[in-house]
Amino acid sequence: MQVLASGTGEYKPPNPDGMRSWVREHKVRAPVDKVMTEQEAVSRFVDDGDYMAYDMNIAARGPVSLFREIIRQKKRDLWIAAKFSWSDTTLLVAGGCVNKVDVGWMETGAIINNALREDRLKFIEWTNGALSYRLLAGALGVPFLPMRYVGGTDVFENSGAKLVEDPYTGQPVVLVPALNPDVGLIHVHECDAFGNARIYGAGVAPREIAMASRKLIISTEQIISNEEIRRSPQRTTIPYYLVDAVVLAPFGGYPGSVPGRYVADAENVLEFAFAQIQGTLDQYLEKYIFSVASHEEMLDKRVGAAKLLRLSQEETVREGYQ
Amino acid sequence: MQVLASGTGEYKPPNPDGMRSWVREHKVRAPVDKVMTEQEAVSRFVDDGDYMAYDMNIAARGPVSLFREIIRQKKRDLWIAAKFSWSDTTLLVAGGCVNKVDVGWMETGAIINNALREDRLKFIEWTNGALSYRLLAGALGVPFLPMRYVGGTDVFENSGAKLVEDPYTGQPVVLVPALNPDVGLIHVHECDAFGNARIYGAGVAPREIAMASRKLIISTEQIISNEEIRRSPQRTTIPYYLVDAVVLAPFGGYPGSVPGRYVADAENVLEFAFAQIQGTLDQYLEKYIFSVASHEEMLDKRVGAAKLLRLSQEETVREGYQ
Amino acid sequence: MTELTFTDLEQNICTIANMIEEDKLYFVQMAGPPLFAILLAKRMRTPEVGFLVEEGAIAPSPSFPLPRMMLGAARSHYRSVAWEGMNIVDAHAALGYVDWGILSAVQIDKFGNFNSTFLGKDYDHPDRRFGGPGGANEIASCCWGTIIMTKLEKRKFVERVDFVSSPGYIDGSPGAREKVGLPANTGPYRVVTERALFGFDEKTHMMRLDAIAPWITLDEVLERMDFKPLIAEPLGVMPPPTEEELTIIRAEIDPGGYTLNRGEWLTVTV
Amino acid sequence: MTELTFTDLEQNICTIANMIEEDKLYFVQMAGPPLFAILLAKRMRTPEVGFLVEEGAIAPSPSFPLPRMMLGAARSHYRSVAWEGMNIVDAHAALGYVDWGILSAVQIDKFGNFNSTFLGKDYDHPDRRFGGPGGANEIASCCWGTIIMTKLEKRKFVERVDFVSSPGYIDGSPGAREKVGLPANTGPYRVVTERALFGFDEKTHMMRLDAIAPWITLDEVLERMDFKPLIAEPLGVMPPPTEEELTIIRAEIDPGGYTLNRGEWLTVTV
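Residue numbers (our numbering), protein chains in the order written: chain A, 1 to 322; chain B, 1001 to 1322; chain C, 2001 to 2270; chain D, 3001 to 3270.
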């Protein structure tokens, strides 16, 4: 099983036994109440320099209230997996939190381009699928997985992929290294106090992130009872022992949608976009993050009940999201 | 990435591109009505010499009406994946259909022991998890997967596993070859005519089998409309294009249970067990398989409405199975 | 003879919509023209056609009007047959279930390798950074064929792309894709632009001009390319959008004006 | 002094039940004594303890009475926190989430390697074929430690098992498990029998007799073994089941008599 070629990109070296030791020492296997404020969750479980992954994006079911808290707490030097991201990458870069990005896809603009130009940002090119697949490797507890894409491109050269001779077929096959983020963030529709969580609708890789991450923060639209979870185990996406913190965050996906609950606030999305174009993103950050102490205060003072009700009412598609 | 050791067991060589060609040529990507009798499904999609995998077992949600049809049609020389099997392996061996078994676990007795003694049966030792994991490799369309078990045992020596040096960590890691069965059988709670299928409850590897198998027969307790499927996409386990045949088979898991629908018929299970002990399994096969033309006739003439009603009523656990 | 006004994206949407076959399975880039192409086909000719999107919706029947933020929205995933995740739908493609991928590209070379990462200078300090490979790499690798839409411009049809985000026929040599681990017998199928339609030569894997719009000359097409493609004989004619198609796009599929508000306006007489 | 009658399996169930800790996660072989051990613990001391079973039920709260065909039954998976599949729960073990596996074995050697495949002659033509490794191999490989139950008999405690279905400490040498790809710092923790309880020496990985039943002598234990284990000093006493434990097993957990109808009856005075 010869290595035929190797990409030259930087990657967090896979370390399945290291992950195991970490899990053994840090993860609570008893079902205990993990409900805490976003302030406490981010303060305890997001560290400067962490590799961070999250499911979905600022458009839909992203953990956006946690992004804002991360910016509020001035976390620094995060390395993120921007798989299927949107302007969330820009938001986190504008907030000064991120200096390295594994790129799948992101919305780009002045903030990203300037940060690259000024060497405040380092990119490593992957793909949405490759990052999700690296998280699958991390979730399976193995050091790498073979795959059928990435080969033959500059993505391969730029990344941590390898081309090897498959010992079974003798044919070339690409390997990618497992990704075990230091911290994972997932916004869910419902969970109980222990962290048993339900996600409705399609999603990029919530199970993979939940299993692969060393630390896991769940933010949730709603907290339900453990009994309700146990009455319908089919609906559970994430079991409790994977979870370190549960943050109650109704409208936690704002300004994005949470399918089946509320639609995205296009006004806010445009406000963000224009602020970037006009170079006034600092004012946006001040308004929605630094000038308010919490997600709740932001909803109350910056968004307002009338808009929240409208966003809920405009989500006319409810079927299937239960 | 050096191969440090290789097992010596026979395995179906992984061939991802062969699987792809087969899918391209044979799988219908349009949503078409695939409902047919068990007679037609088995006749068209189970061939002598096929490698066959199925989800669950004769105790719970196994495709048992399809097993009986396979025996009735005197299919021969099947190679099966007995992962998490029960007396289903014995049933298929007694029926003369199977001559090779990848063993995870099975109930054993005179039939199995005699067949081994008389060289009518060849075993290759794996584990439940390793077979499920090989199916995962097959489902991902890759030739192999690395894993953290099987090493250090006679299972490794007896199987098609390999020990290689991981090119990422430099540490030894076991690889297992992908398993793409020629035919997969899955019994489900509900599906539509196109094959969009719902399974409720825990299960060994239904998604993996559905994706990994070249031909796929679904038997179902109930056929529902495509609209009902589309109203609740969250509940779908298997999408239509993976499916070749849909067989309506209420009580298709009999004598096993289908969780949430009916309990197992312990009487029949004991009848089977005693028949094996007494060497009268031929009579059992005659009674439940050869002397009746179909699953429906067996239910009607050999089991009877009163018992079927009782088995349904005794399944008092319904919550979660919907 | 009537005058027709449309954008380059509308032309591409209509061209691709007319390629859609009901008995094939598609993998479609979400939230833009590739999605609109299959939605137009579903609306007009192939109501039952199934498609996948990267974030895991299988065979959705999107509910109009789509929201401005359509990515991952409930209306975009409406009445799917299943909601899965990215690794599952990517695996369906890896297994050979997906006939065609529909994608857009920033820049493409004569072997169909394409760029959605950056233009100008180098990777770490580009002139302009784009979104990245997204899901296009896996789609372009694992679907049996890909239909790539872009605009016919000299800086887009280049001898060598600034970055190969997604694979075409690599260097065009026989088995080039297989040698780097990609599935056998796959590759780009069509490159669709507002002015010209391209295929690829089966042997050399060179891009081949198959058809041009009725309102442009061959020379004008070639002037808009940095390399010279093969030219099919006879050279076909690429029909412009129909009134009906444009009405459906503008009134039903994209009333928010995503395609109308972007791109180049073309007015032609047909 | 009262007389107590129980089977070897009941003794094992009680011994293991008393090892269960509420803040640990367990992987339990379904449909037999390993399951009954954790159910007894849940019923008596550790109601919230979570366990996984191979077919994918996570932290179930089985509903009594369990049906005779308990494998995969709705009552066995009652009120789980999640219903997944085998690869998911196996991955949870591979990731290090599972502290202890509870298993049963047909035959075991002095390094804790064990057999559930066959006895006598060779693999292709055994004297007696058993069920196979099942899920025990992955559990014994990936949980941090395993608790293995069996019966104390000379043909079961052997120098060399007929077939290594699941790994112990391999040849006992340092790093032997790591060298064959198994997760670091894992291995058998206890071997539980009706007459004696064993652990393993941390350095040599040799099986060590830790405790014996109060109604048997050391010599009687050693006579029932084909190899000589290390012997702990002081040698502990393994308590027999209590009346309460036996009542709960017989009246609630296994009224169908799975454990009562099998195994060796022991009558002792305590």
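Check before you lean on any hint, since a few could be wrong.
[Said to hold, decoys possible] Straight-line alpha carbon distances no greater than 25 Å define the calculated SDA-like cross-link-like pairs of lysine to any residue that follow:
#1 Lys3156/D x Ile1124/B
#2 Lys3151/D x Glu3048/D
#3 Lys12/A x Pro1167/B
#4 Lys3203/D x Gly18/A
#5 Lys1100/B x Thr3005/D
#6 Lys2151/C x Ala110/A
#7 Lys307/A x Asp2210/C
#8 Lys2203/C x Gly1109/B
#9 Lys3154/D x Arg1231/B
#10 Lys2024/C x Asn1113/B
#11 Lys1027/B x Val2049/C
#12 Lys3024/D x Arg231/A
#13 Lys2179/C x Asn1113/B
#14 Lys1100/B x Thr169/A
#15 Lys2203/C x Gln1073/B
#16 Lys3024/D x Glu228/A
#17 Lys3179/D x Glu228/A
#18 Lys2024/C x Val1032/B
#19 Lys12/A x Lys3179/D
#20 Lys2156/C x Lys12/A
#21 Lys307/A x Arg2068/C
#22 Lys1012/B x Pro167/A
#23 Lys2121/C x Pro167/A
#24 Lys3156/D x Gly1109/B
#25 Lys122/A x Lys2121/C
#26 Lys2179/C x Lys122/A
#27 Lys2121/C x Asn113/A
#28 Lys1012/B x Gln2/A
#29 Lys27/A x Lys3156/D
#30 Lys2179/C x Gly1018/B
#31 Lys3179/D x Pro1167/B
#32 Lys27/A x Val3049/D
#33 Lys3121/D x Lys1307/B
#34 Lys2024/C x Gly1109/B
#35 Lys3156/D x Asn1113/B
#36 Lys3151/D x Asn1015/B
#37 Lys2179/C x Glu1025/B
[Claimed, not checked] Stretch-level coverage of chain A by chain D, calculated; a stretch enters the list once three of its residues show a Cβ under 8 Å from a Cβ in chain D:
#38 24-33
#39 133-141
Everything labelled a hint here was simulated from the structure, so no lab data went into it. Note that the coordinates shown come from a computational prediction; the quantities given were computed from them, not determined experimentally. A virtual CB, placed ideally from N, CA and C, is assigned to each residue, including glycine.
Pair hint Lys3121/D and Lys1307/B, alpha-carbon separation not exceeding 25 Å: violated, 45 Å
Taking only the CA atoms, is the gap from Lys3154/D to Arg1231/B under or equal to 25 Å? violated, 61 Å
Below or equal to 25 Å on CA atoms is what counts here, so check Lys12/A against Pro1167/B. holds, 14 Å
Restraint status (C-alpha distance of Lys307/A to Asp2210/C at most 25 Å): violated, 52 Å
Between the alpha carbons of Lys12/A and Lys3179/D, is the straight-line distance 25 Å or under? holds, 24 Å
For the pair we were handed, Lys2179/C and Gly1018/B, check the Cα-Cα distance against 25 Å. OK: Lys2179/C and Gly1018/B at ~16 Å, within 25 Å.
Check the hint pairing Lys2179/C with Asn1113/B against an upper bound of 25 Å on the C-alpha distance. violated, 47 Å
If you draw a straight line from the CA of Lys3156/D to the CA of Gly1109/B, is it 25 Å or shorter? holds, 20 Å
When you check the alpha-carbon spacing of Lys3179/D and Pro1167/B, does it fall within 25 Å? holds, 15 Å
Restraint check for Lys3024/D with Glu228/A, where alpha carbons must lie at most 25 Å apart: holds, 23 Å
Take a quick look at whether Lys3024/D and Arg231/A sit within 25 Å of each other, Cα to Cα. Given that 25 Å is the threshold and the Cα spacing comes to 23 Å, the pair holds.
Lys122/A paired with Lys2121/C [C-alpha distance capped at 25 Å]: Holds. Lys122/A to Lys2121/C sits at ~15 Å (cutoff 25 Å).
Comparing the model with each earlier hint shows violations of hints 2, 5, 7, 8, 9, 10, 13, 15, 17, 20, 23, 26, 29, 33, 34, 36; every other hint is respected.
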